[in-house]
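Engineer: Chain residues, written in single-letter form:
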Amino acid sequence: MTGPDIRRRCITGIGVFLLFIMLTPCTVYCEELQAATFLPQWVPQSQFAGYYVALSKGFYQKQGIALTILSGGPDSPPADMLSDRKTDFTTLFLSTAVQLRAGGVPLVNIAQIGQKSGFILVARKSSGIFSPQDLNGKRISLWPAFQTQALAFFKKYRIHAIVIPQFYSINLFLEGGVDAACAMWYNEYHTILNSGINADELTTFFFDRYGLNFPEDGIYCLKETLEKRKDICNAFVRASLEGWQYAFDHPEEAVDIVMTYARQAHTGTNRVHQLWMLNRIRDISLSRHEDVPMGALSAHDYQTVAGELKSNGMIDEIPSFHTFYTPCLGVSR
Amino acid sequence: MKFPRFTHFTLLAWVFPAKRGLAFKIASCTLLGTACIFFAVFFYNYTISHKVVLKSVRDNTRYLTHATVNKIETTLMGVEKAPLLLRESLQTQTHSREALILWMENILNTNPEIFGTIIAFEPFHFDPDSFYYAPYVCRSNGRLQTSDAQRAFNYFYTDWYLIPKELKKPVWTEPYFDAGGGDILMTTFSVPFYQMVYGKKIFDGVVTADLSLEWLQHIVSSINIYHSGYAFLISQSGVFISHPDKDWIMNESIFSIAEASGDMNLRHIGRNMIHGGQGFVPVASSFTGKASWLYYAPVKSAGWSVGVVVPDNELFSDIRHLTIQLMLIGASGFLLLFLMIVFISKRMTKPISALADVTGEIARGNLDICLPDRQSDDEVGELTVSFENMRVALKEYITDLKETTAAKERIESELKIAHTIQMSFLPKRFPPFPEKQEFDIYAALIPAKEVGGDLYDFFLIDDEHLFFSIGDVSGKGVPAALFMAVTKTLMKGIAGDHRSPSDILARTNRELCIDNDAMMFCTVFCGVFNFVSGELVYANAGHNPPLIIPPEGEPQWLNVSPEVMLGVVDEPDYKTQRILLEPGSRLILYTDGITEAMDAQKNLYSSDRLKKSLQAEKSTGAQELVEHIILSVREFVGTEAQSDDITVLALHYRHV
Numbered sequence: 001m002t003g004p005d006i007r008r009r010c011i012t013g014i015g016v017f018l019l020f021i022m023l024t025p026c027t028v029y030c031e032e033l034q035a036a037t038f039l040p041q042w043v044p045q046s047q048f049a050g051y052y053v054a055l056s057k058g059f060y061q062k063q064g065i066a067l068t069i070l071s072g073g074p075d076s077p078p079a080d081m082l083s084d085r086k087t088d089f090t091t092l093f094l095s096t097a098v099q100l101r102a103g104g105v106p107l108v109n110i111a112q113i114g115q116k117s118g119f120i121l122v123a124r125k126s127s128g129i130f131s132p133q134d135l136n137g138k139r140i141s142l143w144p145a146f147q148t149q150a151l152a153f154f155k156k157y158r159i160h161a162i163v164i165p166q167f168y169s170i171n172l173f174l175e176g177g178v179d180a181a182c183a184m185w186y187n188e189y190h191t192i193l194n195s196g197i198n199a200d201e202l203t204t205f206f207f208d209r210y211g212l213n214f215p216e217d218g219i220y221c222l223k224e225t226l227e228k229r230k231d232i233c234n235a236f237v238r239a240s241l242e243g244w245q246y247a248f249d250h251p252e253e254a255v256d257i258v259m260t261y262a263r264q265a266h267t268g269t270n271r272v273h274q275l276w277m278l279n280r281i282r283d284i285s286l287s288r289h290e291d292v293p294m295g296a297l298s299a300h301d302y303q304t305v306a307g308e309l310k311s312n313g314m315i316d317e318i319p320s321f322h323t324f325y326t327p328c329l330g331v332s333r
Numbered sequence: 001m002k003f004p005r006f007t008h009f010t011l012l013a014w015v016f017p018a019k020r021g022l023a024f025k026i027a028s029c030t031l032l033g034t035a036c037i038f039f040a041v042f043f044y045n046y047t048i049s050h051k052v053v054l055k056s057v058r059d060n061t062r063y064l065t066h067a068t069v070n071k072i073e074t075t076l077m078g079v080e081k082a083p084l085l086l087r088e089s090l091q092t093q094t095h096s097r098e099a100l101i102l103w104m105e106n107i108l109n110t111n112p113e114i115f116g117t118i119i120a121f122e123p124f125h126f127d128p129d130s131f132y133y134a135p136y137v138c139r140s141n142g143r144l145q146t147s148d149a150q151r152a153f154n155y156f157y158t159d160w161y162l163i164p165k166e167l168k169k170p171v172w173t174e175p176y177f178d179a180g181g182g183d184i185l186m187t188t189f190s191v192p193f194y195q196m197v198y199g200k201k202i203f204d205g206v207v208t209a210d211l212s213l214e215w216l217q218h219i220v221s222s223i224n225i226y227h228s229g230y231a232f233l234i235s236q237s238g239v240f241i242s243h244p245d246k247d248w249i250m251n252e253s254i255f256s257i258a259e260a261s262g263d264m265n266l267r268h269i270g271r272n273m274i275h276g277g278q279g280f281v282p283v284a285s286s287f288t289g290k291a292s293w294l295y296y297a298p299v300k301s302a303g304w305s306v307g308v309v310v311p312d313n314e315l316f317s318d319i320r321h322l323t324i325q326l327m328l329i330g331a332s333g334f335l336l337l338f339l340m341i342v343f344i345s346k347r348m349t350k351p352i353s354a355l356a357d358v359t360g361e362i363a364r365g366n367l368d369i370c371l372p373d374r375q376s377d378d379e380v381g382e383l384t385v386s387f388e389n390m391r392v393a394l395k396e397y398i399t400d401l402k403e404t405t406a407a408k409e410r411i412e413s414e415l416k417i418a419h420t421i422q423m424s425f426l427p428k429r430f431p432p433f434p435e436k437q438e439f440d441i442y443a444a445l446i447p448a449k450e451v452g453g454d455l456y457d458f459f460l461i462d463d464e465h466l467f468f469s470i471g472d473v474s475g476k477g478v479p480a481a482l483f484m485a486v487t488k489t490l491m492k493g494i495a496g497d498h499r500s501p502s503d504i505l506a507r508t509n510r511e512l513c514i515d516n517d518a519m520m521f522c523t524v525f526c527g528v529f530n531f532v533s534g535e536l537v538y539a540n541a542g543h544n545p546p547l548i549i550p551p552e553g554e555p556q557w558l559n560v561s562p563e564v565m566l567g568v569v570d571e572p573d574y575k576t577q578r579i580l581l582e583p584g585s586r587l588i589l590y591t592d593g594i595t596e597a598m599d600a601q602k603n604l605y606s607s608d609r610l611k612k613s614l615q616a617e618k619s620t621g622a623q624e625l626v627e628h629i630i631l632s633v634r635e636f637v638g639t640e641a642q643s644d645d646i647t648v649l650a651l652h653y654r655h656v
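As given, the protein sequences belong to chains G and S, one line each in that order. So for the first sequence, our numbering puts the first residue at 1; every next one is plus one. So for the second sequence, our numbering puts the first residue at 1; every next one is plus one.
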């Protein structure tokens, strides 16, 4: 059973029943699993370990969901898939989601997994780069879709860099075509290390240390999904968070699970890389404050991201925090 | 519980304890020496063989690696030619779409190793109306498939487009799986081309040639060396392009393997490999599961590196085999050598052991035991004969010694008796005349041997007269003692009837001279002291002059005429001299045992020292004076043995 089937059923005359479902305690409805789909925003890797682990360990089933994880990658842009209702849930970078929402896509953040930026700039010390000022006049490759944070950083430190577009690979940096490149701390940075460049030969710029913390991965669904199937949203978030917690507590087992999906998808990766990724995701996902539960979106971070987007002309208006973010954490079914 | 500390001394003592036999010592020394030589030779042999094998392996792997590199380079260079040629044409001429396609199809027709080719232009460069233009020709099911796509895909950010554009030079891209999602590994040679616009070089696009790496993987994977040696190929970022473990290809890099196993050395080797280095290095088991040797060399045009791996245990299996055989031969040799040495040394030391047993018995006093028969003419045989001679000589000597000892014991016993008798001649009860308050007399004789030649005597002649004498017989021992006894007895007999000391001496001399065949003689000083009047009459026969200590004043020598000793001349002329002693005076008589006593440096005690020693003795009595003199002599002599009899006599005239 797929997502559209359920919706069709909802629309065709059991709206009242659905309302009943939303208000009825779990026990009544646990007997039958509800189908749902989830699209990770990229190919299978530890960046999404929590979801794969939750599925593999039966946490979604336990929450009453028969989940299907769709295969992500360049051929399945999550924003399009979500808008086209080809998936119920997806993950997106906060900045991407804010732009989509401001652009009229009715999506809602129901949990924010990443708390800190994994997005960094990596530069070669051999290019004479040791501090932000050293980037001035240097050739820097940036992902066109995710350059707001880097541009804000350049503005803050008055850096005039020659920006080269960067796409799937980090090879241009490895070949020496640019002095610095953007990278995810949990992914490309480790790829660079495991391409034979030592950490002490690199200078890294973590944006959250320069007052530009852009939290990344969050769980999104369409507004209508949240409104009509709140219980599924809650259940999905709960199971996903349980999956993340389990993955952080059992990294080796989690990486085993991720590797089976990665092999099926032919992504060309290895265990040490996925283990590195899981550990870094753990570093950026665990909350900075003990009283804030995992999965919460900070209003301050939201304002930082949305504010930078607006000042860079990426969005016209900042969507209100409360329409953008509906936590599905503490709500019990 | 206390354990002994194991120093090398205790170790030596343990290996060669004093009580271990000669056979053991010889065997262990020889075996130890042989073992040292064996192990030195063995070690040398092993090291050299190891080096030789390693050198041969290095040569083999180097040859194999470079041959493989050359094959790869030749193919890569063949592929490079076509796009380079096309670039020249693109930069110098303008082409129609059809001409481009034709050219590209020609490339594929003439270069069977090229899988596909593409010419990708910058936006609007080829056609001012189209953003994308990238015609593409590739092989598909044995035919050429051409796509003259106006709307291709956003190729501007792909590695094969972006990297040569930014680096401004032709590049080989990192290998990738073909777009069809199959297992065919591809790499692309991308050449940037430019347009000259108003004398300015402007980037126009990229022309590429795709190369399937299947053939290359085949070349590399077909390499076999030794039993399980293999070759592998890594890309410019260390990713495996070819490896016997298919799971590693495009998944693992040499650095991920190094990270997974924490092998920093492997990471170091990997860095050297991707930086175009070459070498022959050992790699830990983390890389291949076994400790191995790796030869690597770069594929310079693509920035790749070929490595040939040979497991250590295979390289050295022959040496190990040889080593085990050598060890076995060595061990057998040792055992044989040990048995031989034990046998020979047992044989050699057996007569010595027998001899040792017998001599032990001899040492315990059994001189009647028989020595083993002489069995050979070697040192042991000579030792046996010597021991036999020694045993016989010892036996005779001990027999003699027993007799001699018995005789000596008898003589000693007799001498003791003689001493007792001699001492009994002398007055020994002091004070001798307790009823006489007028004077005090004390004497002591310390013989040098059991019996001596000194004499002294004193007795009361009547109620007013005391006779006293001191003498020294020539020689020592029993003859001197006998002569002394005779002299003393004669003097005592004669003095009873005569009051004149010269008469006493003359008469005694006369008796002594009769039949004095032994030609013995005796010095004597004698006097008769009237302890009522204080008059002392005296005569001297060659004796040392006595000392007189007046009550007030220094000790002085008594005036005596020397005269001749008793027993020498028949009628000597002895003179009686007189002196009146003041009350409190003390008279000291002594023999030459006092004045001629010697210390360790052979200095004499001398009469001067005697005189001086008495200067402080103003008021002591006779006994104290005697003891003082003897003590003074003893102190002077120290530990030296007493060489002569010592006799001192002191007379103290109190006259109450």
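For the record, the hints were derived by calculation from the structure and aren't laboratory data. You may find that some hints are simply not true.
[Claimed, not checked] Listed below are the simulated BS3-like cross-link pairs for lysine-lysine, each with C-alpha atoms no more than 25 Å apart in a straight line: (1) S:Lys55 - S:Lys408; (2) S:Lys200 - G:Lys138; (3) S:Lys168 - G:Lys125.
Engineer: For each hint, tell me whether it holds in the structure or not.
Structural biologist: Now for the hints, and whether the structure bears them out:
1. S:Lys55 - S:Lys408: The given pair, whose Cα atoms are some 92 Å apart, is violated under the 25 Å limit.
2. S:Lys200 - G:Lys138: Given pair Lys200 of chain S, Lys138 of chain G holds - Cα atoms ~23 Å apart, limit 25 Å.
3. S:Lys168 - G:Lys125: It holds: about 23 Å lies between the C-alpha atoms, which stays within 25 Å.
Violated hint for the displayed structure: number 1, the only one.
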